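2 protein chains.
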Amino acid sequence: MAERYTLHEDPRSGNCFKIALTAALLGLPLERRQYDIMAGETRTEEFLARVNSNGRIPVLQIDCEDGSTRFLPESNAACWYLADGSALIPDDRFERADMLRWMFFEQYSHEPNVATLRFWLRFVGKDKLSDHQRAQLMPKHLAGEEALRVMNGHLATRDWFVGNSITLADIALYPYTSAAAEGGFDLSSCDAIRAWIERVEASKGAIAFD
Amino acid sequence: MAERYTLHEDPRSGNCFKIALTAALLGLPLERRQYDIMAGETRTEEFLARVNSNGRIPVLQIDCEDGSTRFLPESNAACWYLADGSALIPDDRFERADMLRWMFFEQYSHEPNVATLRFWLRFVGKDKLSDHQRAQLMPKHLAGEEALRVMNGHLATRDWFVGNSITLADIALYPYTSAAAEGGFDLSSCDAIRAWIERVEASKGAIAFD
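Quick mapping for you: the protein sequence lines, in order, are chains A and B.
Residue numbers for the first sequence follow our numbering, beginning at 1 and rising by one.
Residue numbers for the second sequence follow our numbering, beginning at 1 and rising by one.
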């Protein structure tokens, strides 16, 4: 019996979606178990005891061939696990590290700005934000625009973030970039990003984030 | 002639230090070129044109055997590049992904809180913070404490973050954790973390962060 994979996710989360996209591009079966994070469904006793004691998703559950079960949090680490040994991770040593460079950029400079503003504006609602959150709207908007500017500049002369084909760097950066308008970001002047989004979505096996 | 490595760094930065520690543990020669980020030395025309157009450090410069030069930003990606193929990255597929899980945790949940407060309180100075920064002191303190709590719980039953020996996960988490007191964090009740810091510093070839 082969290893089996279950994604514990909220389908509104781009971090969760990355893992589903990785599995789709690899043609791997993936069971998707859905939770509503805003209703506290990842804070139940059972979830905390069994899946993730931090109450965070995504978590990739791996049911191994030997009957054991493992849980892997952190979206980009789960993508790596699924893709290890596949063409989604470059063979070349520099390209492999350069792919990780863009995945760390995503979690440090992109997600806390582009994804957080989408979450606050689309799902929480601007009138329900705390004063502390409201004070962060403009700094996060500027930092998110800077991340998008860096991406657009990089993609101006290339089809993919690293090498000549889609890798985990593209997968990590795709969901929240494609949904950036929901966080108040305007991609109309980012021609290179828009063309890249189309390339990602046209990849064999790809599923779209919405 | 073998590949040569140059680290563009500010020695006060734990992100820079990780790369130096990785090289030290591997016994790799590393030239260290130092900049004062607070004096704008990574914003000069030459730095922006040649090393990193974002003006950020660390950047690992790789002078390849074929005479070409490459630049790799993002501390954890640079550590990966140096350690690729060594015992600092586990051979086991799950452990390798689990190591990355802690490295992403470090950049997402630890560094923006534990390192940022150290930078603000030790180097900028509390009286020189902007109103926006001042409003983030308490949220960042609480989030940093939560990250340290997760680490201490994980280390309660093990010597290293992943597997049975030091990996890049330990290297990534070490510098800002060892300097957490400078950001106002109290490790006196974190016995497991303090014992782990001693283990990291006692590793063969290790250098200490200060």
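Think of the hints as simulated: they come from the structure by calculation, not from any bench.
Please note that the accuracy of each hint is not assured.
No distinction is drawn between identical chains; accordingly, a pair holds when it is met within one copy or between any pair of copies.
Under the rule of at most 27 Å between Cα atoms (straight-line distance), these lysine-lysine pairs were calculated in the BS3-like manner [as the list claims (entries may be wrong)]:
id, residue 1, residue 2
1, 126, 204
2, 204, 128
3, 140, 204
4, 126, 140
5, 140, 128
What you are looking at is a predicted structure, and each value in this text was computed from that prediction instead of being measured.
For each hint, the structure was consulted:
{"no.": "1", "hint": "126 with 204", "result": "neither (38 Å within a copy, 53 Å between copies)"}
{"no.": "2", "hint": "204 with 128", "result": "neither (40 Å within a copy, 53 Å between copies)"}
{"no.": "3", "hint": "140 with 204", "result": "neither (34 Å within a copy, 42 Å between copies)"}
{"no.": "4", "hint": "126 with 140", "result": "both (14 Å within a copy, 22 Å between copies)"}
{"no.": "5", "hint": "140 with 128", "result": "both (17 Å within a copy, 21 Å between copies)"}
Going down the numbered hints, you'll see the structure goes against 1, 2 and 3, while the others check out.
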